[in-house]
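Numbering (my numbering) for the sequence shown: 1 to 168.
These are computed hints drawn from the structure, not numbers from a lab. Treat the hints loosely; a few may be bogus.
As the list claims (entries may be wrong) - DSS-like mimics (lysine-lysine), calculated; alpha carbons at most 30 Å apart, straight line: (1) Lys-84 with Lys-159; (2) Lys-159 with Lys-120; (3) Lys-164 with Lys-46; (4) Lys-166 with Lys-120; (5) Lys-166 with Lys-46; (6) Lys-84 with Lys-120; (7) Lys-84 with Lys-46; (8) Lys-164 with Lys-84; (9) Lys-120 with Lys-46; (10) Lys-46 with Lys-159; (11) Lys-166 with Lys-84; (12) Lys-164 with Lys-120.
To be verified - The calculated label-pair distances, taken between Cβ atoms and stated as ranges, are: (13) Ile-69 with Ala-23: 18 to 26 Å; (14) Tyr-63 with Arg-132: 36 to 44 Å; (15) Arg-132 with Phe-64: 31 to 39 Å; (16) Asp-81 with Glu-156: 38 to 46 Å; (17) Asp-60 with Gln-126: 33 to 41 Å.
Here a beta-carbon is modelled for each residue, glycine too, at the ideal position from N, C-alpha and C.
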Amino acid sequence: MKSAKIILAIVSILFVFVTASYADGIKGNITAIDNEDYIIHIAGVKITVQNAVIENESNDQIYFSGLAIGNYVDVEGSFTDTAKMAADTITLEHEGSAMVKGQIESIDFNTREISISGIKIQVSDQTQLQDRNYTDVTLEQFNPNDYVECNGSWIEPLKLAADKVKMD
Numbered sequence: 001m002k003s004a005k006i007i008l009a010i011v012s013i014l015f016v017f018v019t020a021s022y023a024d025g026i027k028g029n030i031t032a033i034d035n036e037d038y039i040i041h042i043a044g045v046k047i048t049v050q051n052a053v054i055e056n057e058s059n060d061q062i063y064f065s066g067l068a069i070g071n072y073v074d075v076e077g078s079f080t081d082t083a084k085m086a087a088d089t090i091t092l093e094h095e096g097s098a099m100v101k102g103q104i105e106s107i108d109f110n111t112r113e114i115s116i117s118g119i120k121i122q123v124s125d126q127t128q129l130q131d132r133n134y135t136d137v138t139l140e141q142f143n144p145n146d147y148v149e150c151n152g153s154w155i156e157p158l159k160l161a162a163d164k165v166k167m168d
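Using the sequences and the hints, build the whole thing.
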């Protein structure tokens, strides 16, 4: 009986580590705030904040009212629908590159675009593409349902020009 509890505890810990590493995410500047419904917007993505832990740059917890349009934030949570996310954590950060992390819905090899929850990731010939081992790969080696992190710049709502795309 004791060994079964130990095995259950180990499996539970491994589950937490595996699922934690695959949290969806987005980084960018807050473009709109809905104070009544506790929602922020980043690059056209509607993010529900009601149950999120919000931290400032010193990792101190702050209230929703501490967020402002123009703040650069790192949001981790789950995409719930096209261009919609439920936030688990929001961290205010110094300005940085834009980022989208999530599961690939589709890839258009002709236009060189990856889609993640309705967000188009534009992949140019200069975009660095890497597998899980940081080995350079081609776009054709990516597949729908692969989990990726895309870094770059927001060029319009729901469109990121990628400097780097890495499989997770």
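Verification of the supplied hints:
no. : hint                            : result
1   : Lys-84 with Lys-159             : holds (14 Å)
2   : Lys-159 with Lys-120            : holds (5 Å)
3   : Lys-164 with Lys-46             : holds (24 Å)
4   : Lys-166 with Lys-120            : holds (15 Å)
5   : Lys-166 with Lys-46             : holds (24 Å)
6   : Lys-84 with Lys-120             : holds (14 Å)
7   : Lys-84 with Lys-46              : holds (5 Å)
8   : Lys-164 with Lys-84             : holds (23 Å)
9   : Lys-120 with Lys-46             : holds (15 Å)
10  : Lys-46 with Lys-159             : holds (14 Å)
11  : Lys-166 with Lys-84             : holds (22 Å)
12  : Lys-164 with Lys-120            : holds (14 Å)
13  : Ile-69 with Ala-23: 18 to 26 Å  : holds (25 Å)
14  : Tyr-63 with Arg-132: 36 to 44 Å : holds (38 Å)
15  : Arg-132 with Phe-64: 31 to 39 Å : holds (36 Å)
16  : Asp-81 with Glu-156: 38 to 46 Å : violated (20 Å)
17  : Asp-60 with Gln-126: 33 to 41 Å : holds (39 Å)
Hint 16 from the list above is the single one not met by this structure.
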